[in-house]
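S.K.: Residue strings, one per chain:
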Amino acid sequence: MTSESQQPQQPEATGPNGNRKPLLSVRNLKMHFPVVKGLMRRTVGYTKAVDDVSFDVYPGETYGLVGESGCGKTSIGRCITRILEPTAGTILYDQGDGRPVDIANLRNRDMRPYRSELRMIFQDPFSSLNPRLPVLEIIGEVLKVNGIADGAELEARVRDMLRKVGLRAEYLRRYPHAFSGGERQRIGVARALASNPKLVVCDEAVSALDVSIQAQTINLLQDLQDEFDLTYVFVAHDLSVVEHISDRIGVMYVGKLVETGTVDDVFSRPRHPYTEALLSAVPKADPALRDAGKRIRLPGEVADPSDPPPGCYFHPRCAYAKERCRTEEPQMREIAPGHSAKCHFAHELDLKGVVAAETASR
Amino acid sequence: MPDNNLLTVDELKTYFFTDEGVVKAVDGLTLEVPRGRTLGVVGESGSGKSVGARSLMQLVDPPGRIVEGSIMLNRADGSTVDISSLDPRGPAIRAIRGDEIAMIFQEPMSSLSPVHTVGDQIGEMIELHWGYTKAQARDRVLELLQQVEMPKARGVIDSYTFELSGGMRQRAMIAMGLACDPSLLIADEPTTALDVTTQAVILDLIRRLQESFGMSVLFITHALGVIAELADHVAVMYLGSVVEQGSVMDVFHRPQHPYTRSLLRSIPSLGLEKKRRLEAIRGMVPHPFNRPGGCPFHNRCPEFMPGVCDQLVPPLEHLDAGRTVRCLLHSDVDEVRARQEEQAAAEREAAAGEAAAQRSVGKRGGESR
Ligand SMILES: Nc1ncnc2c1ncn2[C@@H]1O[C@H](COP(=O)(O)OP(=O)(O)OP(=O)(O)O)[C@@H](O)[C@H]1O
Ligand SMILES: Nc1ncnc2c1ncn2[C@@H]1O[C@H](COP(=O)(O)OP(=O)(O)O)[C@@H](O)[C@H]1O
Ligand code: SF4
Ligand code: SF4
Ligand SMILES: [Mg+2]
Ligand SMILES: [Mg+2]
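In order, the protein sequences belong to chains A and B.
Those letters in the first sequence? Residues 4 to 365, per our numbering, in order.
Those letters in the second sequence? Residues 5 to 373, per our numbering, in order.
Calculated from the structure, these hints are not laboratory results.
Errors might be hidden in some of the hints.
[Said to hold, decoys possible] Straight line, CA to CA, 30 Å or less: simulated DSS-like cross-link-like pairs of lysine-lysine:
| hint | chain 1 | residue 1 | chain 2 | residue 2 |
| --- | --- | --- | --- | --- |
| 1 | B | Lys156 | A | Lys325 |
| 2 | A | Lys325 | A | Lys355 |
| 3 | A | Lys40 | B | Lys138 |
| 4 | A | Lys147 | A | Lys167 |
| 5 | A | Lys201 | A | Lys147 |
| 6 | B | Lys138 | B | Lys156 |
Everything numeric in this text was worked out from a predicted model, so none of it was measured.
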């Protein structure tokens, strides 16, 4: 481990909401999983799923996290909701009383009051709901466990929640198997929101859904955000969906954030070669754009997070790599206000963003 | 009849006869796969894409079977065969499978063997269909692995599939699909499980191979963006039938069916009309046992015509060349009504006749079903 990675990184200069303080301040977060081998289950190394990641999330915004599978998106979400206990780093959570609490370093039992405020919606609407519990108990569990509501009051709140996500209140005693994929995802949303959370991590929450159900669910999440003043960390691999829903985003590559900024800045003028390649790979839903712009195709494979290459992790696949990239790890630097990239040449490269599409005549 | 289509599917129906009832997975599938081009088939989950594709190779699992329709394949020797009439376990279809029509799937691990090396399993197909020796087949496999741009092809040929990454497995499966130089490659969601960066590389590869081999490709996906990137022609499926077919430009820029229009409006698209609210299609795809009468889309359609769309089944209408649509907005409603009422009357009569015949059989003490 290099010494510079131990220094606290600077928070991003300006938030989207003027001077408002971040709701969540993630600093130098690490989540390392031991790699064990053999009968003796000896630890032979570490998978650095999240490695020295820092970002801020402001109240009321949607912060998108994108990157290829295995780059650490889910692990970050699980650290924030403390499903995982981070290896190192801090996650300052500020409810606005000026006394932020460090979620990353709380003991499990001290974490309890925050469990109802920091919630998660999961990817798979089929495996994430306990098949043996009726909807009432699935949604009501968090209220009961945290002593928020019980009995008739609990039932009333669950009914209310069902209505808010567009399900009939009569479904209360049904079991998950009796619902379609889209309906189950609504139950997952209701479960996450029942305890009036401040922050919800949506981990690929719409990825498994059909096109028409996906649109309904995205609209639902946006409506509920407005109604309850929610903050989202939105994890997805579909960049079109992330662009649509996010205010700011972080692009990840092999456990590290490589670019952060507003979604408009990052998508229209990417500053990191990996972001450029990612955007170029997204299929555009307009055949007229088929040959528009240059196509970047990444050679090779994503690096192994337990054995990353030296220097810039992206250098074996980067079209702009120079000698320096093979030995020296680039630092995250602000290139324009609120827009940072982790590339030695971020200032000088002229990278291509999303080709502005002509609005198809539909 | 000389025609530019390699495969012509007409009113194909594949039903599953389950204990709970009949699942009409494919219910009137009509499509044309042009020679040397790519037909993209797009539809939501459960619309019958996979069952339709498997029907084209007579690979439907029981309790499913093809109950009606035709699948005409124009063969290299100029003859034509109706695949739907072949015995699913007979030699005729087995000679077509893998040789003339090959299929690749979303999850390579389900169709690649974990206990044979990549070289052995692809080679075996070539030995079987082309009568090559082991050594000849191995040369051909190496050539194929190079054609699919497999990294370190000489090493991969002796590897097992679990030793390969997702993108490499998908390449191995494509190589297997191409092994016998098929005239039609059916690809069922081959990139859905891949990351966008790997997907882009595989789509480029399929496009290049399609051009250099001159084969036809039937590409199945739920992703409209993938269709827009790859297909020459598009068929849009809903509840077991093709609701619209046409060139990719026509379907994306001048969609004629309300379902296609709704689909296109419900997806977020990079750089397009930022932050507009998505126009979701109301409701959801009906349960397969519970399909609505009339137009299958009528309970979700923004252009629903009461008394028409819930009563009449939209017939296939030909617009201009190669362009078809199944929507009553494009039909002469009075004519359709007259035709369907006539047909219903004829069916009632036939049913009454049959019932009477069965009653008399019953009286004679015959077997009652
Ligand atoms: N073996 C089976 N027995 C009964 N019903 C089946 C069987 N296989 C498929 N079906 C039904 O047939 C319909 C079409 O299924 P199919 O797999 O073709 O959908 P698809 O369009 O490929 O969907 P997806 O996008 O999810 O792959 C569905 O309603 C499905 O439940
Ligand atoms: N519980 C775990 N134990 C060991 N390794 C894990 C665990 N969870 C995730 N990983 C590894 O950490 C890396 C990042 O995974 P993940 O956060 O799930 O990525 P993403 O959500 O971006 O696909 C991967 O290499 C994954 O295999
Ligand atoms: S630091 Fe070098 S290798 Fe890394 S992204 Fe920048 S140019 Fe490419
Ligand atoms: S037939 Fe009627 S319900 Fe069906 S798509 Fe056309 S307008 Fe809509
Ligand atoms: Mg994940
Ligand atoms: Mg399928």
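S.K.: With a cut-off of 30 Å on the C-alpha distance, tell me whether Lys40(A) and Lys138(B) pass.
M.R.: This hinted pair is violated, its Cα atoms lying about 38 Å apart.
S.K.: Given the hinted pair Lys325(A) and Lys355(A), is their Cα-Cα distance within 30 Å?
M.R.: holds, 19 Å
S.K.: For a C-alpha distance cap of 30 Å, please report whether Lys147(A) and Lys167(A) respect it.
M.R.: holds, 20 Å
S.K.: For Lys156(B) and Lys325(A), compute the direct alpha-carbon distance and say whether it is at most 30 Å.
M.R.: holds, 25 Å
S.K.: Are the Cα positions of Lys201(A) and Lys147(A) separated by 30 Å at most?
M.R.: Judged against 30 Å, a Cα distance of about 18 Å means the pair holds.
S.K.: Regarding the pair Lys138(B) and Lys156(B), is the alpha-carbon distance no greater than 30 Å?
M.R.: holds, 21 Å
Hint check: a violation occurs at hint 3 only; the rest are consistent with the structure.
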